[in-house]
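Q: Protein chains in written order, with the working numbering: chain A, 1 to 83; chain B, 84 to 166; chain C, 167 to 332; chain D, 333 to 498.
Simulated from the structure, these hints should not be mistaken for lab results.
We put the beta carbon where it would ideally sit given N, CA and C, even for glycine.
Do not rely on the hints blindly, as some may be mistaken.
To be verified - Derived BS3-like pairs: lysine-lysine, alpha-carbon spacing no greater than 27 Å straight-line:
| # | chain 1 | residue 1 | chain 2 | residue 2 |
| --- | --- | --- | --- | --- |
| 1 | C | 213 | B | 120 |
| 2 | A | 48 | D | 455 |
| 3 | D | 474 | A | 37 |
| 4 | A | 2 | A | 48 |
| 5 | C | 289 | B | 120 |
Said to hold, decoys possible - Covered stretches of chain B, going by a simulated chain C footprint (3 or more residues, C-beta under 8 Å):
| # | region |
| --- | --- |
| 6 | 104-112 |
| 7 | 159-166 |
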Amino acid sequence: MKLVYFAWLRERVGIPGESVTPPADVTTVGALLQWLKARGGGYAEALKDLSVVRVAVNQEYAGPDAPVRPGDEVALFPPVTGG
Amino acid sequence: MKLVYFAWLRERVGIPGESVTPPADVTTVGALLQWLKARGGGYAEALKDLSVVRVAVNQEYAGPDAPVRPGDEVALFPPVTGG
Amino acid sequence: MQAEDFDVGAEIAALRQGATGSGAFVTFTGIVREYSSGRADGATSDKQLTAMTLEHYPGMTARTLEAIEVEARSRWPLDACLIVHRYGRLEPGANIVLVITASPHRLAAFEAAEFLVDWLKTKAPFWKLEESGAGGHWVEAKAIDDKAADRWTVAAPGPAQHRKAG
Amino acid sequence: MQAEDFDVGAEIAALRQGATGSGAFVTFTGIVREYSSGRADGATSDKQLTAMTLEHYPGMTARTLEAIEVEARSRWPLDACLIVHRYGRLEPGANIVLVITASPHRLAAFEAAEFLVDWLKTKAPFWKLEESGAGGHWVEAKAIDDKAADRWTVAAPGPAQHRKAG
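So that you can see chain A by itself, here it is in the shape it has in the complex (with noise of 0.2 Å):
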């Protein structure tokens, strides 16, 4: 799975982004998102207040429900402030 980072978010992480395989059981975009946060260090300080955190699944919007596939690109990124 490919995630890629975005604005304040990649800062806070501190690259990119990353190629990774998350457990066989982080199969949501919600449960990405806790075991991100459980790595600790920048993606528990990226990932402190998820209201500001939104999530694209292949470059599409994706809700905390939505499924997760090796293979998948993820995206993070905060609130778009475009236009």
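Starting from the known structure of chain A, arrange chains B, C and D on it as the hints suggest.
A: Showing chains B, C and D alone in chain A's frame:
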């Protein structure tokens, strides 16, 4: 009093404007329109449906009860269609 | 108002010089269509236009445009606004009218531009004569334009409040 | 989306070539302001900006802009519409975003442009980093933008109906 006409109202009256001296009892926009209409011909044709006639006195929109005085510039025209 | 054409890009660029606090610029450009805009009674008419002639009432036009601009500035926080309206004989595709608004707030810029166009359509003394193969035809005022203009006659203290009701 | 600047006048002119049936063109241009836009909590901050950096998510941005345009075209009768959004480091006064809509109907052109900007602000994956003397600061999303975007999530069969409720 100076009268000016625009658009199809001008075409029906047949002239772009004129100086008139209405009787002393013509003191309002409404009375002026009735007096002009009574002239017949192009005036009667132009003023037959007053719901589509707009009036400006000294370049400000004016209703039927607005006063008109000697020296005023009174414009008669259809509802505007610019923009 | 003017008979000459205008350059939308140049007008925007000029306005931007004087509105450095603004993040939002909205423009409306009205141009002569190729086909008649239909009749006021809703009947469709697809007459191909050869030209559109805009008649206006010079002294009153200037006063009205000024009054409309003052009103818009009193209602919205505008750093700049511009109204250019042409008159005379114009061919299909030609510019008729340009409205530009600049504000720190995009909703204000949008609303002020809509307001200016709605008021232009219902208050500024311009009249359109469409020319087609069938001859000349004075465009009739549309009820929908009066309705659009009426949106702004209810007390509208600001963009947010106005929108809240939407 | 692009890093390069755009020319509003040239973009309008190009769009007009392909929209000869349209009488109404609306543009929205967003530019980098000279001062910080304030914090999401409403606290005012008048920090003078030295630059604004726009980060984006390339693949998703393209998909989102396309989806937003398709949605606008399904809701309003548009002859043409254009979205240009820049990314990278931009200085005060620089163009950020351009939206143009063309329609036979001015209300449709206005509403579609507002819709596109509202959706851009709340859905397109761009993030603004303001740089000032005090360092870098990620702009926070504003509740007012969500509210503006929410205007369009109620069933809105067309401009007239939407406005009627206003």
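Q: Determine for every hint whether it applies to the structure shown.
A: Cross-check of the supplied hints:
Taking the CA atoms of residue 213(C) and residue 120(B), the gap is near 34 Å; set against the 27 Å cutoff, the hint is violated. The suggested pairing of residue 48(A) with residue 455(D) holds, with an alpha-carbon distance near 23 Å, which does not exceed 27 Å. Of the supplied pair hints, the one linking residue 474(D) and residue 37(A) holds, its CA atoms being roughly 26 Å apart against a limit of 27 Å. Pair hint residue 2(A) plus residue 48(A) holds up; C-alpha atoms about 21 Å apart against a cutoff of 27 Å.
Distance hint between residue 289(C) and residue 120(B) is fulfilled; the C-alpha atoms sit about 25 Å from each other, no more than 27 Å. Note: the region 104-112 of chain B has 0 residues with beta-carbon separation from chain C under 8 Å; the three-residue rule is not met and the coverage is violated. Only residues whose beta carbon comes within less than 8 Å of a beta carbon in chain C count, and the region 159-166 of chain B has 7; three or more means the coverage holds.
Of the numbered hints given earlier, the model fails hints 1, 6; all others are met.
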